[in-house]
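Enquirer: This is what each chain is made of:
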Amino acid sequence: MSLFANLDLSYVLRPEVFLIILLGTFIGILIGALPGMGAPLAVALVLPFAYKMTSLTAVMLLLSVYQGAEYGGSISAIVLGIPGTSAAAATVLDGNPMSKAGHPGRAIKISLLASTIGGIFGGLVLCFFTEPIGKFSLRFSAPDLAMLGIVACFAIIMLNKGNFIKGMISIILGIMLSTVGTDVFTGTSRYIYGQPTLLDGINVVAIIVGAFAVPEMLNIISEELHTVYVTNIKSTKDKFSFKDTLRITKPLFSGSIIGTVIGIFPALGGAIAAWISYSFARKISKKPEDFGKGSAEGIAAAESANNAVVGGSLVPLLSLGIPGSASAAMIAAALMMFGIQVGPQLFNTDTKLLSGIYIGFFIGCIGLYVVGRLLTPVFVRVLEVKNEILVPLILLVSFIGIYASTKKFLYIWIAIVFGTLLFFLRKHEYPLAPITVSFILGSTIEKNFRRALDLSKGSYTIFWKTTTSKVIFVCTVLVILFPIIRALITSFKNKKAGNAPAAEQGNGEE
Amino acid sequence: MKKKYSEIIMAVILLAVDALYLTQAFRGKKTAFSYTGAYTFPKILGLILAALCVIVILRAFREKGTFKVTNLGLTALSVGITAAFVILWQCFGLFYLWAALYVLALLFAFRTNGGRFSKRNILFNLACTAGVILCCYVIFTRMMEVRL
Chain A
239 MSLFANLDLS YVLRPEVFLI ILLGTFIGIL IGALPGMGAP LAVALVLPFA YKMTSLTAVM
299 LLLSVYQGAE YGGSISAIVL GIPGTSAAAA TVLDGNPMSK AGHPGRAIKI SLLASTIGGI
359 FGGLVLCFFT EPIGKFSLRF SAPDLAMLGI VACFAIIMLN KGNFIKGMIS IILGIMLSTV
419 GTDVFTGTSR YIYGQPTLLD GINVVAIIVG AFAVPEMLNI ISEELHTVYV TNIKSTKDKF
479 SFKDTLRITK PLFSGSIIGT VIGIFPALGG AIAAWISYSF ARKISKKPED FGKGSAEGIA
539 AAESANNAVV GGSLVPLLSL GIPGSASAAM IAAALMMFGI QVGPQLFNTD TKLLSGIYIG
599 FFIGCIGLYV VGRLLTPVFV RVLEVKNEIL VPLILLVSFI GIYASTKKFL YIWIAIVFGT
659 LLFFLRKHEY PLAPITVSFI LGSTIEKNFR RALDLSKGSY TIFWKTTTSK VIFVCTVLVI
719 LFPIIRALIT SFKNKKAGNA PAAEQGNGEE
Chain B
70 MKKKYSEIIM AVILLAVDAL YLTQAFRGKK TAFSYTGAYT FPKILGLILA ALCVIVILRA
130 FREKGTFKVT NLGLTALSVG ITAAFVILWQ CFGLFYLWAA LYVLALLFAF RTNGGRFSKR
190 NILFNLACTA GVILCCYVIF TRMMEVRL
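Those protein sequences? They're chains A and B, same order as listed.
Just so we're aligned, residue 239 is where the first sequence starts under our numbering, counting upward by one.
Just so we're aligned, residue 70 is where the second sequence starts under our numbering, counting upward by one.
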């Protein structure tokens, strides 16, 4: 681990880093706990304020918000039975019954412990796997990198059960937005429409606020403005002993492993990890009949998995430059604000930052436990704050964030116009997360695509020349074809199911 | 509105944006020193998007049911208030004045329980606005030294 050889502890163990981690965790849990406002929105809200920090503190802020939001989602899942984030949906099954049985504090403590253990496990994998994968990826040439970028974009929509065509449109829109600004190959100004501000491209903060905060708030105004959540919880001071901890060891570790592995693959995310881990824990449990009735093992399995995803999702980001989730894409965006390009080159140019991220990640996990233990009762009360008060606050903070990081009103306008358009696209079932991911990856895809064509003197066979290229090309084709094949199978099954009753009816008449 | 029509309208809006994008791409000058010009990639993207939008339009004809945005009036009003806030802030500065009015206007638009302009609501909205603005001032202007 050459990265640890370069480790400078004084670079990480500073009061401001600790303070930022605690603050980020607090904000993350707070926003994650609010139903309907997930980790991407939490990260999007703090991203604009990261520009004033050093690169390490900025990344630590975003990571602790990400971790905190993943845990925060479980608070409303347990207390209200409504998951704060999609990743906490599996937690509802056992967390809410345990809470209803009069032990909300116990359920929250299990969730917090599981989230912390899952986070630490994800961090360990991040430390030990990022460097080897990153060093291996240095062998990748321009065509490989272009195709990897395409794979990452398509992976985001591959598992989306919605319309594949609409998912593709979202990807193309994101890449199109990344083409605005000066072309690095020729110096041509593209799509700036007389606005010199756009010469450097559209600011990533405007895109992220436009893609997450604005449509989300408009959606709340449209559908959930007057929703009132009532918590009948008087105390969260249930006991959770060491013996209880020992009972959940198995699901804790199986969840951590499953979550980390799933996190490494782009787009799978916390929700899938939590469900797989939950099912697995039920299979290996001595008391599977308790699952769904307030089982501690069920909560531990789901929560350890969804927090382990955070560390796992950073592995492809730091080693290959591929963000596996919208939140990871925003961490990449934060690094871009400091002129740091994520990917294998980090191992040569920013080893100090990388080792700082590793150590900071563990401090973040401990920070999550400390903040969670101390302030959970506060977060439970926050659930009662009405959306009609939160929406103006979040919108105002979003616009302050854009202005603070760019000092340009143009970007606020872009966020409003873009966000309103995306609100309507979302209403028509167009997924929004691929827009951010493809916007972040767009310039990498274009740069490597053109470099590859220049190297091959315009021949597209370069994408199929070396063994590595062939493997990645096959992966790209499979990732693109998978949703099409799935859609065909589903429509075939639907047709068959539609014909079956008719046939039965026919037989009856005979 | 029928879902079929709303899907088509959305796809046509995207096609219009794409047409604008493609027009500039095809008007762009070619470069002699590279196999790929500045607009090669945008041309590919634009053409793919056009094809995808056409597919969406064709599929829309099979759509059944209706499309409705609940609270459309309130949503549009919120966008309008937001736009007015940014215009005032951009033209006159005085961020905190416009921000206070913005938050207050949104609160009055959203909070209707017990009468929009009841004494209780007015007091609550004023107190809430003062709290939000004070927090913003302390956090952003004082602590983060953001010039607004």
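It is worth saying that the hints were derived from the structure and are not from the lab.
Mixed in with the good hints, there may be bad ones.
To be verified - Here are the in silico distance ranges between beta carbons for each label pair:
1) A:PHE662 with B:PHE95: 48 to 58 Å
2) B:SER187 with A:THR728: 50 to 60 Å
3) A:GLU462 with B:PHE193: 15 to 25 Å
4) B:ILE124 with A:PRO370: 24 to 34 Å
5) A:LYS590 with B:ARG216: 45 to 55 Å
Stated by the list, open to error - Per the computed footprint, the stretches of chain A lying under chain B, defined by three or more beta-carbons under 8 Å from a beta-carbon of chain B, are:
6) 377 to 387
7) 416 to 428
8) 492 to 504
9) 520 to 533
10) 725 to 732
For glycine and all other residues, C-beta sits at the position ideal for the given N, C-alpha and C.
Enquirer: Hint by hint, say whether it matches the structure.
Expert: Verification of the hints:
1. Our hint of 48 to 58 Å for PHE662 (chain A) and PHE95 (chain B) is violated, since their Cβ atoms are close to 28 Å apart.
2. The hint said 50 to 60 Å for the Cβ distance between SER187 (chain B) and THR728 (chain A), and at roughly 53 Å that hint holds.
3. The hinted window of 15 to 25 Å between GLU462 (chain A) and PHE193 (chain B) holds, with their beta carbons roughly 20 Å apart.
4. Remark: the range hint 24 to 34 Å for ILE124 (chain B) to PRO370 (chain A) is contradicted by a beta-carbon distance near 42 Å.
5. At about 32 Å, the beta-carbon gap between LYS590 (chain A) and ARG216 (chain B) misses the expected band of 45 to 55 Å.
6. A count of 0 residues in the stretch 377 to 387 of chain A with a Cβ less than 8 Å from any Cβ of chain B is obtained; the coverage claim is therefore unmet, three being the minimum.
7. Counting residues of the stretch 416 to 428 of chain A whose beta carbon lies closer than 8 Å to any beta carbon of chain B gives 6, which meets the minimum of three for the stated coverage.
8. For the stretch 492 to 504 of chain A, the proposed coverage by chain B is not satisfied: 0 residues have a C-beta within less than 8 Å of a C-beta in that chain, short of the threshold of three.
9. Given a C-beta distance limit of less than 8 Å, the hint that chain B covers the stretch 520 to 533 of chain A is violated, as 0 residues qualify and 3 are needed.
10. Counting residues of the stretch 725 to 732 of chain A whose beta carbon lies closer than 8 Å to any beta carbon of chain B gives 0, which falls short of the minimum of three for the stated coverage.
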